[in-house]
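Participant: Sequence lines, in order, name chains E and Y.
Under numbering that gives the first Met the number 0, residues 0 to 281 are what the first sequence spells out, in order.
Under numbering that gives the first Met the number 0, residues 0 to 168 are what the second sequence spells out, in order.
Take the hints with a grain of salt, since some may be wrong.
To be verified - Partial selection, computed: residues in chain E whose CB lies under 8 Å from chain Y: (1) Phe3; (2) Ser40; (3) Val43; (4) Asp48; (5) Leu131.
Said to hold, decoys possible - No more than 27 Å apart at the CA atoms, straight line, and that leaves these computed lysine-lysine pairs for BS3-like: (6) Y:Lys40 - E:Lys1; (7) E:Lys41 - E:Lys25; (8) E:Lys1 - Y:Lys157.
I should point out that these hints are in silico values taken from the structure, not numbers from a laboratory.
Cβ coordinates follow ideal geometry from the N, Cα and C atoms, glycine included.
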Amino acid sequence: MKHFRQYLRAGSLEEAVAIRRDVGPKSLYIAGGTTVVPFASKGVDVLIDITGLGLDRTSDHGDLISVGATTRLAELLHADMRMHLPVIHKAASAVGSPLLRNMATLGGSLAGIFLPADIGIALLAVGARVYLTGDGQRAVPIGDLLAEGWLSGYELITEVRIDKRRPGRGAGFAKFGRSAVDIALVNAAAALEVSDGIIRTLRIAVGQTGSKPVVMAGPGLGAEGRDVTRDLVRELAEKVAASVKPKPDSRASADYRRNLIRVMAARALADAAAEAGVDLAD
Amino acid sequence: MRQRKRESILQIRLTINKKPYEPDVAAGETLLELLRRLDLKSVKFACGTGNCGACTVLLDGKPVMSCLMLAPQADGRSVTTVEGLSTGDRLHPLQEAFLELGAPQCGFCTPGMLMAAAGLLSENPDPTREEVREAISGNICRCSGYVKVVDAVIAAAKRMREGAGGGNV
Numbered sequence: 000m001k002h003f004r005q006y007l008r009a010g011s012l013e014e015a016v017a018i019r020r021d022v023g024p025k026s027l028y029i030a031g032g033t034t035v036v037p038f039a040s041k042g043v044d045v046l047i048d049i050t051g052l053g054l055d056r057t058s059d060h061g062d063l064i065s066v067g068a069t070t071r072l073a074e075l076l077h078a079d080m081r082m083h084l085p086v087i088h089k090a091a092s093a094v095g096s097p098l099l100r101n102m103a104t105l106g107g108s109l110a111g112i113f114l115p116a117d118i119g120i121a122l123l124a125v126g127a128r129v130y131l132t133g134d135g136q137r138a139v140p141i142g143d144l145l146a147e148g149w150l151s152g153y154e155l156i157t158e159v160r161i162d163k164r165r166p167g168r169g170a171g172f173a174k175f176g177r178s179a180v181d182i183a184l185v186n187a188a189a190a191l192e193v194s195d196g197i198i199r200t201l202r203i204a205v206g207q208t209g210s211k212p213v214v215m216a217g218p219g220l221g222a223e224g225r226d227v228t229r230d231l232v233r234e235l236a237e238k239v240a241a242s243v244k245p246k247p248d249s250r251a252s253a254d255y256r257r258n259l260i261r262v263m264a265a266r267a268l269a270d271a272a273a274e275a276g277v278d279l280a281d
Numbered sequence: 000m001r002q003r004k005r006e007s008i009l010q011i012r013l014t015i016n017k018k019p020y021e022p023d024v025a026a027g028e029t030l031l032e033l034l035r036r037l038d039l040k041s042v043k044f045a046c047g048t049g050n051c052g053a054c055t056v057l058l059d060g061k062p063v064m065s066c067l068m069l070a071p072q073a074d075g076r077s078v079t080t081v082e083g084l085s086t087g088d089r090l091h092p093l094q095e096a097f098l099e100l101g102a103p104q105c106g107f108c109t110p111g112m113l114m115a116a117a118g119l120l121s122e123n124p125d126p127t128r129e130e131v132r133e134a135i136s137g138n139i140c141r142c143s144g145y146v147k148v149v150d151a152v153i154a155a156a157k158r159m160r161e162g163a164g165g166g167n168v
């Protein structure tokens, strides 16, 4: 028996936000429940079920795909997603087991305490936009949400919009965990834009699980304007590893994590380059 | 879903193994706790945190972990447990294959394995060994006997394709 005292099914977005605003920190939104049910603090009395609000639809808007916040991760694993956003497909399929993916939702993966979730790291690299409802609605680049400290107050994620892959662009994702279903020890994703074999833009996101994800963009890495080669991938991965300060925990030392960051960043970058159509042969 | 007088109790409606139920549940009661309270003891409590899969049931046909779900979340949904796999005295082909090939060792993880496998076969009647391994990757066997489980799922899939009685799921 969990400690929750009240379970309310919201009939509309406005109602959900109003309840959360009234009850305050003693309440939480619940969708998949895979984080809320086992890990919500003892102070949480009231759960607000948001699965009846029609936020589980995926729609194709031409250049971008919109995914509703209560879409289950398993529902991201379809042929259209593999074609238009292979990096999201790969990251979603890396989360936990099929059992978990049948329950956990996209919004919950971004709002939950288990940051950095694999899917969030991939969304940070490709620069997804997150739609929130609270006092009115707003759309925020996911990187800004990370800088703000993710969600505060009673805001609710309703939708995530992601640009489809385009010629000359590529994205990659890599994860290392002790087993296939473990939470990552380190995960990394990279997205880049290439023309004439030269990097035009680059963004790399690294999750080390013990702390907030780190996002690095091209200028800081000195990547823009350089030829995409295997040597450059190695050099950038070294820079990423050197600039992140991973924390040690019971699963991995800081040194081990730093080494993994280097390797995962290199893999994500190499995959991104390949998807952008660059042949990385030495 | 109806709120009872005491605020923490609600009445939900759900279908379990094709039968309708309208139990009163506490807001904090997990689906696992509800199912065991209704005497469906195939559903096992082990880790309670979604790491082991011993509590796996089908929710609207898809395998999920009942320890990670609250009973109120199952309002209006359809749940299948191992008790709903067999038809009368006749075991489901998965159960038969598990028995014949010695897939259970201590047996504690077996109900979860069966439901994860049932979910797989309902969507993919001819899985590869790799696909079976992926489907049961969230089900931990402390006896570490995964090979025979994979053998049994492959054997059951073959029998079901050959029409040897599809069982209930």
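Participant: A separate judgement is required for each hint: does it hold in the structure or not?
Facilitator: Structure-based check of each hint:
The criterion of a C-beta within 8 Å of any C-beta in chain Y is met by Phe3 (chain E), whose closest approach is roughly 4 Å, and the hint holds. At its closest, the beta carbon of Ser40 (chain E) sits 13 Å from a beta carbon of chain Y; the interface hint therefore is violated under the 8 Å criterion. A cut of 8 Å between beta carbons decides the hint on Val43 (chain E): the least distance to chain Y is about 10 Å, and the hint is violated. Below 8 Å, beta-carbon pairs count as interface contacts, and Asp48 (chain E) has one with chain Y at about 7 Å; its hint therefore holds.
Annotation: interface hint on Leu131 (chain E) violated; nearest CB of chain Y at approximately 23 Å, more than 8 Å. Between Lys40 (chain Y) and Lys1 (chain E) the alpha-carbon distance is near 20 Å, which keeps this suggested pair within the 27 Å criterion. Between Lys41 (chain E) and Lys25 (chain E) the alpha-carbon distance is near 9 Å, which keeps this suggested pair within the 27 Å criterion. A hinted pair counts as satisfied when its Cα atoms are at most 27 Å apart, and Lys1 (chain E) with Lys157 (chain Y) does not qualify at roughly 42 Å.
Consistency with the previously given hints fails for numbers 2, 3, 5, 8, ordered from lowest to highest.
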